[in-house]
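Peer 1: Protein sequence lines correspond, in order, to chains A and B. Just so you know, we're using our numbering here: the first sequence kicks off at 214 and counts up by one. Just so you know, we're using our numbering here: the second sequence kicks off at 9 and counts up by one.
It should be emphasised that the hints constitute simulated quantities derived from the structure, not laboratory data. There may be inaccurate statements among the hints.
What the hints assert, rightly or not - When the alpha-carbon atoms are kept at most 20 Å apart in a straight line, the in silico EDC-like pairs for lysine to aspartate or glutamate are as follows:
1) 416(A) / 74(B)
2) 151(B) / 201(B)
3) 38(B) / 97(B)
4) 439(A) / 356(A)
5) 416(A) / 197(B)
6) 134(B) / 108(B)
As the structure is a prediction and not an experimental result, all values here were calculated from the model.
So the chains spell out like this:
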Amino acid sequence: MAFDIFLLEVIISGLMTGVMYALVALGFVLIFKASGIFNFAQGVMALFAALALYDFLAEDGWFFAVFGFTLPVWLAIPATGLIMVVLAWVIERTVLRFMVKQNEIILFMATIGLAFVLEGLGDILFGSDVKPLDIGIPQGASDWLLDNFNLYIEQLEIFAAGTAAVLVVVLAIFFQRTRIGRALRAVADDHQAALSVGVSLDKIWVIVWSVSGIVALVAGIMWGSKSGVQFSLSLIALKALPVLILGGFTSVPGAIVGGLIIGVGEKLAEVYIGPMVGGAIENWFAYMLALAFLLFRPQGLFGERIIERV
Amino acid sequence: MSAVAETNSESLLVVNNIEVIYDHVILVLKGVSLEVMEGGVVALLGANGAGKSTTLKAISNLLGAERGDVTKGTITFKGEDVHSLTPNELVRRGVIQVMEGRHCFEHLTVEENLLTGAYTRKDGRKGISDDLELVYQYFPRLKERRTSQAGYTSGGEQQMLAVGRALMARPTVILLDEPSMGLAPQLVEEIFEIVKRLNEAEGVTFLLAEQNTTMALRYANYGYILENGRVVMDGEASALAENEDVKEFYLGVSGEGRRSFRNVKAYRRRKRWLS
């Protein structure tokens, strides 16, 4: 019996880690869907958002230095959201606008550049030390689960899972039911045709980068609360890559399910296969899984079917 | 060579002597002028690469996305200069293009495709859903397939969808690029019939680029013939259809009987020189 509890704990903790991956992957999916760009800077955007949020909250930040007070959490989060929207607008004005007609690989390179600029900017503005982010999410294990089911699960992870669920529902409604959401999907399918029916691409790009900036903020909050705001946060972007390959680059539910599979898979592999090969499977398991997927189902689990009329 | 179109009080769209350059170096249009009357169906004819699509894209300003530029001349719509407007503003004013090769949104359903056409409209749900019904009246096949993904519909259905999507924007003029491309003759006729009905019943003006000269001249009331980025001939559609040169080069019939194809190139060149 004790063994089963352990297995359950491993699975649940894997699921929770998966949710965290999924949050990052979501941001990628949004931008990829609408513009066909793989936004390398997504991880850095999460970092940047977390840094900005910390700055509003802490007494050693710019905000406190300038205004002499810190913002309460409920105000700091929307304020950071606003910063991400402004950032999206600036990126559109200074980078994307001049790249619209270019090849996708050039756009990809541009986002790599963007990643470095943002990371440098974050370093200059906020400093590179690890900052503890506390927005009042309860820490430690859930007592209720521990008492009733003898399960050890972090409250933060439950919170993250709930947030991710809400986020996905909101995004799904946005994409499927609204005029702008429909236009976003139209742009994803065919830039030129979207242009021809009067969809203004500049505006759409600002919107989509804003949305993914806000998703990055949510991811930044969760990761920041879990392990502190630090520059290695930008590297979780690399973990999102196998998640995307599994789930499909264009699917929001795919990002979630892909994240969960990777999360659970690497935890299970670590626990059950790890001892046989000397551990550290967690670091590469996701990539092996992604490789297998590329061989057998290149569009991912939920990726849009590659429509080919013959 | 055709004279510069005179600006008429009823002319809706006037293109005056425009020059289009791609990538800053490739000169595609060398002074094209044309005029579209309110409520007319105007055909833009010519072979591959003559500049038909480019002319349409210059008007709808989709050129910008292809690194093309109108470097000379003017384009006026309802008497206002529109050549620097974005496609978005042009659609709002009533100029919309249906691109060559349909360009439907593959992963959106048929109905979603149509709704995307109404993107620029601000007149509320009621007006849009009324127009959706109207489009379904003209294209009953689209109604049957409203929930299927556009990518899985047939070529004819996609062409209908592209026209229907443009209609959803409540346009004054539709720039229809090569509607017959890749379609069976019967379908081509069906599409042109619908164009005619839309023109007569809904008052939509059409400027259409076509390689299928026979069909286009049958349904249009005025025609322009482009060659190498220039208008080489224009006139009433019926007059063009009767013109010996047009018959020979574009309709494939000649009043002078059969001629060997061996000499056709030199002959064409000489003819062109004379025209």
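Peer 1: Compare the structure with each hint and give your call.
Peer 2: Hint check results:
1. 416(A) / 74(B): Roughly 19 Å between the alpha carbons, so the hint for residue 416(A) and residue 74(B) holds.
2. 151(B) / 201(B): Status holds; Cα separation ~18 Å.
3. 38(B) / 97(B): violated (26 Å)
4. 439(A) / 356(A): Roughly 18 Å between the alpha carbons, so the hint for residue 439(A) and residue 356(A) holds.
5. 416(A) / 197(B): It is violated: about 39 Å lies between the C-alpha atoms, which goes past 20 Å.
6. 134(B) / 108(B): Violated. Residue 134(B) to residue 108(B) sits at ~31 Å, over the 20 Å cutoff.
Of the numbered hints stated above, those contradicted by the structure are hints 3, 5, 6, listed in ascending order.
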